[in-house]
Amino acid sequence: MTTAPRPSLNPGIPPAKNMQDSPTPLSVLGPQADAQRQRIRQQFEAGTSARETLRAQCELADSNVQQIFGEVLRVHNREPQGLCLLALGGYGRRMLFPYSDLDILFLLGNEKVEQESRPLISEFSRTLWDIGFRVSSAGRTLEECRRIEEDNAEFHLALLDRRFLAGDAALFEKLDTKVLPASEKQARPFLLAQIHRLTRERLTRYGNTIFHLEPNVKESPGGLRDYQATIWLREIVEEKKGIRNITAAEEELSAAAVDFLSAIRCFLHYSNGRNDNTLTYELQAAAAARALGVGDGVTRTPAEWMRQYFRHARTLNRQLLRHLEQKSPVSLTLRQRLFNAARAAKFEPGNDRFFMVRDGMLEVVDQPVLSDRAVTYSLFAEAARTGTPLSREAERCIGYILTHPELPPKNTEISWAMLREILGSDYPGVALRSMQRLGLLVEILPEFGMIDSLVVRDFYHRYTVDEHSLRTIEHLQELAEPPDERGAHFAPLWKTAERRDLLILSLLLHDVGKGMAVENHVTGSLAALDSAAQRLKISPEEKEEVRFLIEHHLDMSATVQRRDIFDPATVSAFAQSVTTLEKLQRLCLLTYADIHSVNPEALTPWKAEMLWQLFVATSNHFSRTVDRDRLHAHDEVSLLGRVKALAGEASTEAIERFLEGFPRRYLAVHSAAEIAAHFALYRKLGTDPVQTELLATRHGFSLTLLTADRPALFATISGVLAGWGMNINKADAFANAAGVVLDTFHFADLHRTLELNPSEAERFRKSLADVVNGKAPLEPLLKSRESASRGRTPKVTVETRINFDDASSAHSTLLEIVTQDHPGLLYDIGSALARLACNIEVALIDTEGHKAIDVFYLTAQGKKLTTQKQELLREVLQGTLV
Amino acid sequence: MKIEAIIQPSRFESVKDALREIGIEGMTVTEARGHGRQKGHTEVYRGREYTVDLLPKIKLEMVLPDALVNRAVDTIMKTAKTGKIGDGKIFLSRVEEAIRIRNEERGENAL
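Chains as they are written, first to last, in the working numbering: chain X, 1 to 882; chain V, 883 to 993.
These aren't lab readings, by the way, just hints derived from the structure by calculation. Where is the CB? At the ideal position from N, CA and C, for every residue including glycine. Incorrect hints may appear among the rest.
[Stated by the list, open to error] Listed next, the stretches of chain X that the computed footprint assigns to chain V, with coverage defined by at least 3 CB atoms under 8 Å from CB atoms of chain V: (1) 559–569; (2) 702–709.
[As the list claims (entries may be wrong)] Simulated restraints on C-beta separations: (3) V/Lys884 <-> X/Pro492: 55 to 61 Å; (4) V/His923 <-> X/Glu443: 49 to 55 Å; (5) X/Arg874 <-> V/Lys884: 53 to 59 Å; (6) X/Glu79 <-> V/Glu987: 53 to 59 Å; (7) V/Val926 <-> X/Pro780: 36 to 42 Å; (8) V/Asp969 <-> X/Ala680: 51 to 57 Å; (9) X/Arg874 <-> V/Gly916: 35 to 41 Å; (10) X/Ala807 <-> V/Asp969: 24 to 30 Å; (11) X/Arg457 <-> V/Lys966: 48 to 54 Å.
[What the hints assert, rightly or not] Examples of chain X residues lying across from chain V (beta carbon under 8 Å, computed): (12) Thr604; (13) Trp606; (14) Glu609; (15) Asn620; (16) His621.
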């Protein structure tokens, strides 16, 4: 508690008489108190419970306070009328820890009494100090107690735990039954708001997590202060019995948690010889060795014992947060209400609607349906999709279902498709946090249980391993709106990253090996991936991607810190190990999140900048060196074997002919199964010279087209797609040594033509083949779309930049265009290139919001573009793109 | 003497290990930015220029007894050197007094 200044206490004024004249002098009181403290300590160390220890501490303090108060009155020839002593705070509620302060209030009948009592109060406090009690005292008149001091909320909260100690009992009675009940009732909103404010500030100071490696058992989330705040909240709102009330089982859990934490706090006080409540590594080991708080005398490892600590801390923290949510003193702003309404409006109301949004949180309205685990998972998917967290009450409903066998669960196994939906959403951390609290995360991913509440001693890490892992995910989802400049560079990477589900799964598993008896935790994490992948039926390609991220999760950080990232050789070597831009993007995000979650200060702006620079240099390296490294199929024995196994009766020579000369990136971005499918299309080129494959994807469609190279091919395909109203988001165009072009386009179906009319897919493919083969003209298709898109103005303006680079490739001139994206853009660019007889060797097409980022490797008559041609092309493109 | 060394971040681990080998464990390390003759450079990513005019460096600071200074300087020079512009610099300066806060020891005893 914070006590107000004590103008009434003036230690400089010597008392007229002193305690040495009293019948029980200090020379006796001090040693007596010391001996009793020693006895209480010995009993605690011999196994007496914390509850008993605190009671004994309190009785010792009470008896000394009362005795000294009586002596002081006697020495000063005073009667107690108009003056009494109150115990406040922890002392008031009889939870007095060995080295805690005695919070004492001198209650004074009026100002006259206050004046007269100054020397007496001064002497009383000094005497208590002299015999070893730390006193934190305040003096207030009855009238002063009635007034609420808005800048000293702590005092009013401490008054809630008032207890009579000595003096004028009638005065206390008046305060306790008349003055305070009235003023506290009136000040209820203020007190409630102050508890919220103080609690939120405290929880924020400790990172809003119970999972600290060296927690403060009083102040950290999950500490004894959480329990006290819960009690205050319950007292102030005069909780009524009902569904929202605490159950007997919860009371029991809470009492056990308080006993456990109290035992630790006593132990810490005795071990440190002062009011220091930090549970350090050393004291964790000592506490674990004596099974402190457990009571069975079985020695545990510090990690095992700390898991008990976190279990109890979780109980106290969960109860506090539930009460904080229920008793929100601040009404929502109009903006918040509108935001919540907008979120709620996103739900598809159906017959089976079992949840709703209230105060920005998901609430369960139909509890029994939750016994179908698929329904529960869909609630988490909703949380992950919208970023709306489950309320503590909703979690409590789910928790009830999970622990009550009379409601037999259905569909307990989560499918990979459902888990992917949760992990791949914009706010996976929102769902995963709740799932972890409920034990569901460990149920669907038992490997994560190996790091449950796991303390790994480390100078830099501040949180347990599971907490660190969840924080990585939360730091990524924050990138939707980066809270500070460190995240600014990485936000676009997060927004455009593909297969975020795999990235998030990697983050969940990347440190799981720390909970295994292995030399290198990465080995353990990879073993965990093996078991998880098998159970969840993750495809080999997906597993390989996760494997890559886990295996290399320290590489980017190590390169930043130990290599010269401005040296092209470093960048080249790093790029070689990462292999593709897509992997680089995910690895960069993983590294950003991993460093950020070590402790709040770990990701300095300096480190974030270094990481970003390495990303940029490597990304540019990829886009500028695509044609440098081409495939010599004969050397790719392993790949040939895998493709051959998938390609039926094809000969190795035929596969070699197909692969020969493709840029190595082709291998990096396609799996063996995809390559085998491409090869199957290639073999059919003899019967039909344009082969296409159209697939629906998560975000649209992908089109693969194989044909012999011909002038303006890229422009023609882009034109057909534009004519059908398809917006190309991403594309690759490669050619092999035999001049077979393999183009892949990922596009959004702007008018939902293919989605709503599945039969149109065949017509679309035929239209594409006809135009490419020259059997049908392109212009009518484009004309029909021109009128539809005319008049649309872009929401964001992107300045056009056109750069040529002759240095990066040995064979081609690189053209990089950054410009405003619009339907038909690639057709416009491709047509311009075709008009100037530029051959596209490789094309890498990407978009980022309204920005198109296209890189073309160009030749003209088999050579790099001349300077004159580059200038002419720049002029034509500028005219086209403006 | 006080040694201040500005070195390449990539050489930091090696320098730290080498100093430890000659018995120097205490040092203050700061993430720094700056440039001398090694000028910055510009990277273009997705149409946006990222200019790095202040390059990342590590600043090491240590106060040593006179007898150790030359060895420490030699060690830093040998270990931090790559031969390229941007390897950094070492500055030496006199320190008038050193005091250990914990027990108020002074002079070399406090180092």
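Structure-based check of all given hints:
1. Check result for the region 559–569 of chain X against chain V: holds, 7 residues qualifying (beta carbon to beta carbon below 8 Å, three or more required).
2. For a cut-off of 8 Å, the count of residues in the region 702–709 of chain X with a CB near a CB of chain V stands at 0, and the three-residue condition is violated.
3. For V/Lys884 and X/Pro492, the hinted distance range of 55 to 61 Å is not satisfied, since their beta carbons lie about 44 Å from each other.
4. The supplied range of 49 to 55 Å is met by V/His923 and X/Glu443, whose beta-carbon atoms lie about 51 Å from each other.
5. X/Arg874 and V/Lys884 have their C-beta atoms about 56 Å apart, which keeps the hinted 53 to 59 Å range intact.
6. At roughly 57 Å, the beta carbons of X/Glu79 and V/Glu987 sit within the given window of 53 to 59 Å.
7. The given range of 36 to 42 Å is respected by V/Val926 and X/Pro780, whose C-beta atoms sit roughly 40 Å from each other.
8. V/Asp969 and X/Ala680 have their C-beta atoms about 56 Å apart, which keeps the hinted 51 to 57 Å range intact.
9. A hinted range of 35 to 41 Å for the beta carbons of X/Arg874 and V/Gly916 is consistent with their spacing of about 37 Å.
10. Roughly 26 Å separates the CB atoms of X/Ala807 and V/Asp969, a value that falls within the hinted 24 to 30 Å.
11. About 39 Å separates the C-beta atoms of X/Arg457 and V/Lys966, a value inconsistent with the hinted range of 48 to 54 Å.
12. Hint on X/Thr604 holds. Least Cβ distance to chain V is approximately 6 Å, under the 8 Å limit.
13. The restraint placing X/Trp606 at the interface with chain V holds, with a minimum CB-CB distance near 4 Å, inside the 8 Å limit.
14. The restraint placing X/Glu609 at the interface with chain V holds, with a minimum CB-CB distance near 7 Å, inside the 8 Å limit.
15. The restraint placing X/Asn620 at the interface with chain V holds, with a minimum CB-CB distance near 7 Å, inside the 8 Å limit.
16. Of the supplied interface hints, the one on X/His621 is violated, with its beta-carbon coming no nearer than about 11 Å to a beta-carbon of chain V, more than 8 Å.
Going down the numbered hints, you'll see the structure goes against 2, 3, 11, 16, while the others check out.
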